[in-house]
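Visitor: Listed below, chain by chain, are the residues.
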Amino acid sequence: KNQVEQSPQSLIILEGKNCTLQCNYTVSPFSNLRWYKQDTGRGPVSLTIMTFSENTKSNGRYTATLDADTKQSSLHITASQLSDSASYICVVRGLNYGGSQGNLIFGKGTKLSVKP
Amino acid sequence: DTEVTQTPKHLVMGMTNKKSLKCEQHMGHRAMYWYKQKAKKPPELMFVYSYEKLSINESVPSRFSPECPNSSLLNLHLHALQPEDSALYLCASSPGSSPLHFGNGTRLTVT
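Just so you know, the protein sequences line up as chains A and B, in that order.
Mapping of the first sequence onto my numbering: residues 1 to 116, in sequence order.
Mapping of the second sequence onto my numbering: residues 1001 to 1111, in sequence order.
What the hints contain is simulated information worked out from the structure, not anything from laboratory work.
Do not take every clue at face value.
Derived, one-sided and incomplete: chain A residues facing chain B with beta-carbon distance under 7 Å [unchecked claim]:
1. R42
2. G43
3. P44
4. S46
5. I89
6. F106
7. K108
8. G109
Built from N, CA and C at the ideal position, the CB exists for glycine as well.
The following block holds chain A by itself, in its conformation from the complex (with noise of 0.2 Å):
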């Protein structure tokens, strides 16, 4: 069964320290993961693409890893501010379903809370 879960399911850190968020799947065949982030009562923005041959990518504060043999993924927040509060989502489309966006699988988020 094609699945994504995310870990922790809630943080809660202060500002300016450094964390990782954890995403692991079973899709198969893989095509991508995304990362999106979803600020609260708004909708979900994308932070970065992870394809098969890609390791590490950056996007400003925010590195994803992708360990493609394990089938894991990482989110690492750098320096965190305020504004990074949020729910942050792992999305991994499969290879199998044809061209539409019907086989994109959706973890459960990681809820992250900066305080001051």
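Got chain A; can you put chain B on it based on the hints?
Guide: The following block gives chain B in isolation, referenced to the frame of chain A:
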């Protein structure tokens, strides 16, 4: 601001009402989607339109009726909803396999 615009932002409706949610994008994306998101849960796919034709219906009850009048607009018609249908309804678009561009959603409350 998001490039996918959803209206209204909030909607309260009774179980006998008929209402519509609207979504608009002008990025030239040919795929548009409706997702439902309950509190503390990830978005759940409801419908996918590709080139203005319904390509995916994830076994959604008939009280939800999607419509795609043209390549920029997507509607979701609501009729005889239940309180458990209360949720955040997200519209998204994409040019293909690129990321979904989400709107900020309509917060629906069914009383």
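Visitor: With reference to the structure, classify each hint as holding or not holding.
Guide: To see whether the hints hold, each was checked on the structure:
| no. | hint | verdict |
| --- | --- | --- |
| 1 | R42 | holds, 5 Å |
| 2 | G43 | holds, 3 Å |
| 3 | P44 | holds, 5 Å |
| 4 | S46 | holds, 4 Å |
| 5 | I89 | holds, 6 Å |
| 6 | F106 | holds, 4 Å |
| 7 | K108 | holds, 5 Å |
| 8 | G109 | holds, 6 Å |
Violation of the numbered hints given earlier is absent; every hint is satisfied by the structure.
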